[in-house]
Amino acid sequence: MDQKPGNTSEMGLQFFGRMSASISHEIKNVLAIINENAGLLEDFSLMAERGMPIDPGRLKTMAEKVKLQISRADGIIKNMNRLAHSIDETITTVDLDQTIELFMALTDSFTVMRGVKVDLQLPGSPLTIPTAPFFLMNLLWLCLDFSMSASGDEKRVELVVEETENSVLIRFRRLAGLSEALLETFPSEREKNLLDVLEADLTVEHGREEIALRLLKNML
Amino acid sequence: MSAKVLIVDDEKDFLEIMAERMEARGMEVSTATSAEKALKMILRESYDAVIMDLMMPEMDGFKALKLFKETRPDLQIILLTANVPEEKCIEAIKLGAMDVIEKPADLDLLTQKIEAAKAPLRNKQG
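Note that the protein sequences, when read in sequence, are chains X and D.
Our numbering numbers the first residue of the first sequence as 1 and each following residue consecutively.
Our numbering numbers the first residue of the second sequence as 1 and each following residue consecutively.
The set of hints was computed from the structure by calculation and includes no laboratory data.
Misleading hints may appear alongside valid ones.
As the list claims (entries may be wrong) - Quick list of the computed label-pair ranges, beta carbon to beta carbon:
#1 X:38 / D:93: 27 to 33 Å
#2 D:19 / X:7: 46 to 52 Å
#3 X:20 / D:106: 22 to 28 Å
#4 X:21 / D:66: 20 to 26 Å
#5 D:1 / X:51: 27 to 33 Å
#6 D:66 / X:71: 35 to 41 Å
#7 X:181 / D:95: 26 to 32 Å
#8 D:106 / X:167: 53 to 59 Å
#9 D:66 / X:162: 40 to 46 Å
#10 X:167 / D:95: 45 to 51 Å
#11 D:94 / X:95: 45 to 51 Å
#12 D:25 / X:51: 15 to 21 Å
#13 X:71 / D:93: 34 to 40 Å
#14 X:167 / D:69: 51 to 57 Å
Where a beta carbon is used, it is the ideal one built from N, C-alpha and C, also for glycine.
Same shape as in the complex, but just chain X:
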């Protein structure tokens, strides 16, 4: 297996940096809401000192909102932890559903920012494959980033995971804006290096408005 450390390491760092920046942004947003709730509590206590009664129902609502934000932050940090650990072992056997769901959670804010809706369709039964999970998520990100650009006016991408006899197909469909001009830039050396690491191949089906990533069930 050719790992091309120079290229993939640099790309991996870029991917990790991008995801980390997004995660820190999300956490700051959560902190901002908790901060405003604390501020409102302060406002209420000042009002109470001046003899204005505090509505217990209001306090309960605020406590619930703070709990909700803490749960949101907990989810964000858990995902960050899973991303960080995905590089513990370069190649390992993973539950593909879980890896793709983690990838979807990590990239959710990017798709929302670009106004693109991603519909995920996973196979009915669990699927475990040997792969390089960190590099797989990196490649999926590059494919999704391209797919968002190629999603056209509909701004909708279908991410469909299918199992075949010897492989797993991850298809990015409904790319109505897929054009020759866009295809001049994709797949580039970045994607090709990651495909080598993953022993995978990528096909672009212009007519079917999709790109398909094929992963082998048994990596060499």
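Given the coordinates of chain X, work out where chain D should sit on it, guided by the hints.
Showing chain D alone in chain X's frame:
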């Protein structure tokens, strides 16, 4: 006269609570969950200040800042940001933002900025 403020942020919880706290400080507050909605409001109403998140879906704060300034050159826009490098803050100021404040924001500081935003308009009105 109370300051008339428009807050623009896609985080609804943040918007609601900020509006409540600012109203408790005597300000007249309107809210919008997107830059597109805010633009419609700016075309209809005049505001002493717009407090806007820099990172929002579809039309981000930079695009919105340019558009708002083109529409209303006198509009005082204070950007709120969860995490933005310094060069981006400088870029925002060059594009006409009055200030860039990091989240979580200190409401007292924000109130001072809003008061400062009102000053040029007051002077202009004589």
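Hint by hint, here is what the structure shows:
no., hint, verdict
1, X:38 / D:93: 27 to 33 Å, "holds (29 Å)"
2, D:19 / X:7: 46 to 52 Å, "holds (49 Å)"
3, X:20 / D:106: 22 to 28 Å, "holds (26 Å)"
4, X:21 / D:66: 20 to 26 Å, "holds (23 Å)"
5, D:1 / X:51: 27 to 33 Å, "holds (28 Å)"
6, D:66 / X:71: 35 to 41 Å, "holds (37 Å)"
7, X:181 / D:95: 26 to 32 Å, "holds (30 Å)"
8, D:106 / X:167: 53 to 59 Å, "holds (55 Å)"
9, D:66 / X:162: 40 to 46 Å, "holds (44 Å)"
10, X:167 / D:95: 45 to 51 Å, "holds (49 Å)"
11, D:94 / X:95: 45 to 51 Å, "holds (48 Å)"
12, D:25 / X:51: 15 to 21 Å, "holds (19 Å)"
13, X:71 / D:93: 34 to 40 Å, "holds (36 Å)"
14, X:167 / D:69: 51 to 57 Å, "holds (53 Å)"
Hint violations for this structure: none, all hints satisfied.
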